[in-house]
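> Read off the chains here:
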Amino acid sequence: MPADSPAPARPLPVPNADTAPFWEGCARGELRLQRCTACGAAQLPPRAVCAACHTGSLTWEVVSGRGRIASHTRVHRPPSTAFKAEAPYVVALVALEEGPRIMLHLRGAAAAAPRIGDAVRVRFDPPSGPHGIALPYAVATEDSA
Amino acid sequence: MSRRAVITGAADTAVGELPGSSCMSLHAEAASLALADAGLRPADLDGVLCAYSFTEPHLMLASVFCEYFGIRPAFAAAVQAGGATGCLMVTQAAALVEAGLCRHVLVVAGDNRLSGLSRDRAVAALAEVGHPQFERPFGVTIPALYALVAQAYMHEFGATPEHLAAMAVACRTHAARNPKAQMRVPITVQDVLSSRFIAEPLRLLDCCLISDGGAALVVSAAEAARDAAKRPVAVLGTGQKTTHEHLVAAPSLTEFGCRDSAAQAFGRAGVSPADIHVAEIYDSFTVTLLVELESIGFFEKGEAGPAALAGALDLGGRLPCNTHGGLMSYAHSGAAGGLFHVVEAVRQLRGEAGPRQVPGAELGFVHGDGGILSAHCSLVLGRL
Ligand SMILES: [Zn+2]
Numbered sequence: 001m002p003a004d005s006p007a008p009a010r011p012l013p014v015p016n017a018d019t020a021p022f023w024e025g026c027a028r029g030e031l032r033l034q035r036c037t038a039c040g041a042a043q044l045p046p047r048a049v050c051a052a053c054h055t056g057s058l059t060w061e062v063v064s065g066r067g068r069i070a071s072h073t074r075v076h077r078p079p080s081t082a083f084k085a086e087a088p089y090v091v092a093l094v095a096l097e098e099g100p101r102i103m104l105h106l107r108g109a110a111a112a113a114p115r116i117g118d119a120v121r122v123r124f125d126p127p128s129g130p131h132g133i134a135l136p137y138a139v140a141t142e143d144s145a
Numbered sequence: 001m002s003r004r005a006v007i008t009g010a011a012d013t014a015v016g017e018l019p020g021s022s023c024m025s026l027h028a029e030a031a032s033l034a035l036a037d038a039g040l041r042p043a044d045l046d047g048v049l050c051a052y053s054f055t056e057p058h059l060m061l062a063s064v065f066c067e068y069f070g071i072r073p074a075f076a077a078a079v080q081a082g083g084a085t086g087c088l089m090v091t092q093a094a095a096l097v098e099a100g101l102c103r104h105v106l107v108v109a110g111d112n113r114l115s116g117l118s119r120d121r122a123v124a125a126l127a128e129v130g131h132p133q134f135e136r137p138f139g140v141t142i143p144a145l146y147a148l149v150a151q152a153y154m155h156e157f158g159a160t161p162e163h164l165a166a167m168a169v170a171c172r173t174h175a176a177r178n179p180k181a182q183m184r185v186p187i188t189v190q191d192v193l194s195s196r197f198i199a200e201p202l203r204l205l206d207c208c209l210i211s212d213g214g215a216a217l218v219v220s221a222a223e224a225a226r227d228a229a230k231r232p233v234a235v236l237g238t239g240q241k242t243t244h245e246h247l248v249a250a251p252s253l254t255e256f257g258c259r260d261s262a263a264q265a266f267g268r269a270g271v272s273p274a275d276i277h278v279a280e281i282y283d284s285f286t287v288t289l290l291v292e293l294e295s296i297g298f299f300e301k302g303e304a305g306p307a308a309l310a311g312a313l314d315l316g317g318r319l320p321c322n323t324h325g326g327l328m329s330y331a332h333s334g335a336a337g338g339l340f341h342v343v344e345a346v347r348q349l350r351g352e353a354g355p356r357q358v359p360g361a362e363l364g365f366v367h368g369d370g371g372i373l374s375a376h377c378s379l380v381l382g383r384l
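Chains as they are written, first to last, in full-length UniProt numbering: chain A, 1 to 145; chain B, 1 to 384.
For reference, chain B alone in the conformation it holds in the complex (with noise of 0.2 Å):
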């Protein structure tokens, strides 16, 4: 395929609590700010994905962006994979692309999920995405549902509760630098295993935030992309993989899709897991990395906990990894959060990161899980 996709335009709202903002606003602020990032105005758009919304869902949520926004692009679509659909969308605005559909892709997502939402209804929500009638009636919560992974996984391969705890000390490390991040008070393996537990083995400080905010990628064919305002970051490859979408019928407890995504994402770019420089990867729960580092192969099994503690994925260890601070400290607003994982990649690969910058970063690889560890996407961009 001649026609190479690259990301020109990458960027993200305010995150946290953001009251006045609705979940349109944030889907239009954060296009705004992509395309300014771009170099490109509005009508240069020719494609648009969206994802989903809690706090304003709807059947054709890409129309309504695309009315509210004032555009009419000649493709616009909602994708909707859970945690896996902003690493999805970039993957299928990329194929837009490489097929000459389009020229300019914007992928936006974003949702109040904070400040539209109480606590007790965003729980009650995510947890419809149970199972109605053979996992719902049992009481289950979506932390519940990644709990019964991490036992499974500590049961099989060793794991502890102080190498769960090492991927939310990690993930604090790395938003402490950034003066965005919704939490960014050091935090300790003692502080995660001292919060109360949400579902055994899983403590507060194992789960992912509940945000406010917006983010939004352009994605442009190569040579559309020459007058963008910023170096491009190519999409050297990108993979998928569905094992299920209920833990009741997952094929394993402890083996999933997450290793066939990357294989493919690696293979079409022809690099291996050695090779990559920082990795952006989903953390919806502390058991949600460990899993998806090991399953990957950035990690021996039984390896990450250990190495984490050690430092391997701070800033000078083996795999800078949520350099932003990911889902657990940075902010996690619905598919937006998948989002923050790619905008922070772009980042780090044109070496806008500031304090938190991974040096001579050329090669970063960005991985998203919806459902319980059920859709894999994974990316793996490069500096031109």
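Chain A with its partners taken away, still in its complex shape (with noise of 0.2 Å):
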């Protein structure tokens, strides 16, 4: 490939019936979970289905955006060239306080020493691409005013 090709794009998501309400909520700066009526699991990512209990009807909420690191990674060799631009860039898997992980970057003081247990809160980008898409991203909680 010639140097001066541009890169690819991102995967950006592309929403689907089980996941819309998720991405349509991050284009409004909302972090949507999906709650079962029946056993009061929340989950993510979206399902069809309760994955706890198999029967209940399932409803959205807005959900604190409040969570810890559970885990993270400084990825210093990206994927593809789409993300060359930006490498080396923190990846944490962070337990939201109503229970499921969800899987991010951390972005300023919470990406310069990221630690298990540290308090971070959900932000979002602008809205890109054909599907509007606004991904979410975690700062410290210090810094989310």
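These aren't lab readings, by the way, just hints derived from the structure by calculation. Accuracy of the hints is not assured; some may be wrong.
[Said to hold, decoys possible] Now the in silico label distances, taken between C-beta atoms and shown as ranges:
1. A:A52 <-> B:R184: 37 to 43 Å
2. B:L193 <-> A:K84: 21 to 27 Å
3. B:K301 <-> A:H54: 28 to 34 Å
4. B:K301 <-> A:S57: 36 to 42 Å
5. B:G302 <-> A:D143: 30 to 36 Å
6. A:H54 <-> B:A310: 46 to 52 Å
[As the list claims (entries may be wrong)] Covered stretches of chain B, as calculated for chain A (at least 3 residues, CB under 8 Å):
7. 120-126
8. 143-149
9. 193-201
10. 245-251
11. 311-320
[What the hints assert, rightly or not] Here are some, though not all, of the chain A residues that point toward chain B, as calculated from beta-carbon distances under 8 Å:
12. P11
13. A70
14. R74
15. R101
16. L135
17. V139
Since the structure is predicted, the reported quantities are computational estimates derived from the model, not experimental observations. Heads up, the beta-carbon is just placed ideally off N, CA and C, and yes, glycines get one too.
Bring the two chains, given one by one in their own frames, into a single complex with the hints.
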């Protein structure tokens, strides 16, 4: 590939029937999870069934966006040139207060020296791409003013 | 069940960079070698199990192989469970034999992942394993996903980068005795710790190779194995467990299905981890091997790293492990990667491993995992 060819596009989410309400929420700056009406479990990724009890119907709720780092890694070798300009970047799994984990990037002070258990808060990039996707990221709780 | 499944043939092709090879040529070569090892002809096969390919992907890889090789078995199917596929194909073949559906099942996999794909394309293809909406948009690779496991596991159980590095060193020490291995120059813990970061805490030498190569086994009904060329190796126990596919949805970041999968295989074989003479355990990354050694019960939590630093995984150690060199130093060519572990276990149990032979090895354990410690499969194999 010539050095001046454009980097390939990022693999942005293409919402489907299961996930569209989640991504609509992100575009409005809201973190939404599914909640089971039968067993009360919250779940992410979104599904057409409750993966905990398999019986209940699911409702969407806007959640706090607060959570703690469950794990983190600074990625030096990205999966494609689409991510090269940003590398190294810190990918984290954050355990949300409501239970499910979410994957996102850490930014700001949260990314400097992340520790498991650190409190973080989810924020969102501006919507972009044909589906208006606003990817979530997380910052340290004290950064989130 | 009176029909016992035995392994009558086991072989692999050359591994490393094999210009002029194709996915199907590696399948065919491995199959011919395994049949010759078993003393059987292609027409003796009534079952074929294939896996998947990165360079020649197809919806029906088993049919593609049978057509290419020129056989018309009564049973043919493809199995896809990432790194668990090798053990899973042997499990499935044993079940076909034990159910009386087949007498001789060929298990075969191969891919020219090194010469047929650029490194960038191989990394990109593997990254597609990530969840398309909830993982891939964040630029994760397979090493990054395993790095997330490593960070959590180190935090919970006190493993250190040195402990991870000890896994790579142990595999390389074995590979140095194996003339076929892709990487044979001995390495030290310091070499691992000074290689470049891929995804922290994993460095280049914490990661498996990318290779061309193929491997095959013949799994036969014991009563059909009487005229096999060599003493068969028995499939004494098999186990499997699947807990998730994507790490974002894994029930835990530190406890995985390897424990239940191995417990099932040990239970069916009527043995315990302490009885095992030689182990061949999936080592896509150093952390994979460390987590599996501890979760399966060969070592207590936090003990595998210090034990490996003291030589526990080497010949003469408590558990000689990955005696061919594993995915990190022997070779990793897709689904054949997990089959290399099975082939090596058979060689050890037959006493054919030459300078890397574990003396008196009678009971072997093989484990594979696919995804991000998502799907697990375990085998207990025994010398008859
Ligand atoms: Zn429920």
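> With reference to the structure, classify each hint as holding or not holding.
Going down the list of hints, with the structure as the test:
Look at A52 (chain A) against R184 (chain B): about 49 Å separates their beta carbons, and that is not inside 37 to 43 Å. Look at L193 (chain B) against K84 (chain A): about 25 Å separates their beta carbons, and that is inside 21 to 27 Å. The supplied range of 28 to 34 Å is met by K301 (chain B) and H54 (chain A), whose beta-carbon atoms lie about 32 Å from each other. At about 40 Å, the beta-carbon gap between K301 (chain B) and S57 (chain A) stays in the expected band of 36 to 42 Å.
At about 34 Å, the beta-carbon gap between G302 (chain B) and D143 (chain A) stays in the expected band of 30 to 36 Å. Judged by the Cβ atoms, the range 46 to 52 Å given for H54 (chain A) and A310 (chain B) holds: they are separated by roughly 47 Å. Coverage of the segment 120-126 of chain B by chain A holds. Counting CB-CB distances below 8 Å, 3 residues qualify, and the rule asks for three or more. Under the rule that three or more residues need a Cβ within less than 8 Å of chain A, the assignment of the segment 143-149 of chain B holds, with 5 such residues.
Note: the segment 193-201 of chain B has 6 residues with beta-carbon separation from chain A under 8 Å; the three-residue rule is met and the coverage holds. For the segment 245-251 of chain B, the proposed coverage by chain A is satisfied: 4 residues have a C-beta within less than 8 Å of a C-beta in that chain, meeting the threshold of three. For a cut-off of 8 Å, the count of residues in the segment 311-320 of chain B with a CB near a CB of chain A stands at 0, and the three-residue condition is violated. About 5 Å separates the beta-carbon of P11 (chain A) from the nearest beta-carbon of chain B, less than 8 Å, and the hint is met.
Interface restraint check: A70 (chain A) against chain B, minimum CB-CB distance 6 Å, threshold 8 Å, status holds. Annotation: R74 (chain A) was flagged as interfacial toward chain B, and the flag holds, the nearest CB pair being 4 Å apart, inside 8 Å. Checking R101 (chain A) against chain B by beta carbon gives a least distance of about 6 Å; that is within 8 Å, so the hint holds. At its closest, the beta carbon of L135 (chain A) sits 6 Å from a beta carbon of chain B; the interface hint therefore holds under the 8 Å criterion.
With a least beta-carbon distance of about 15 Å to chain B, the hint placing V139 (chain A) at the interface is violated under the 8 Å criterion.
When held up to the earlier numbered hints, the structure conflicts with 1, 11 and 17 and fits the remainder.
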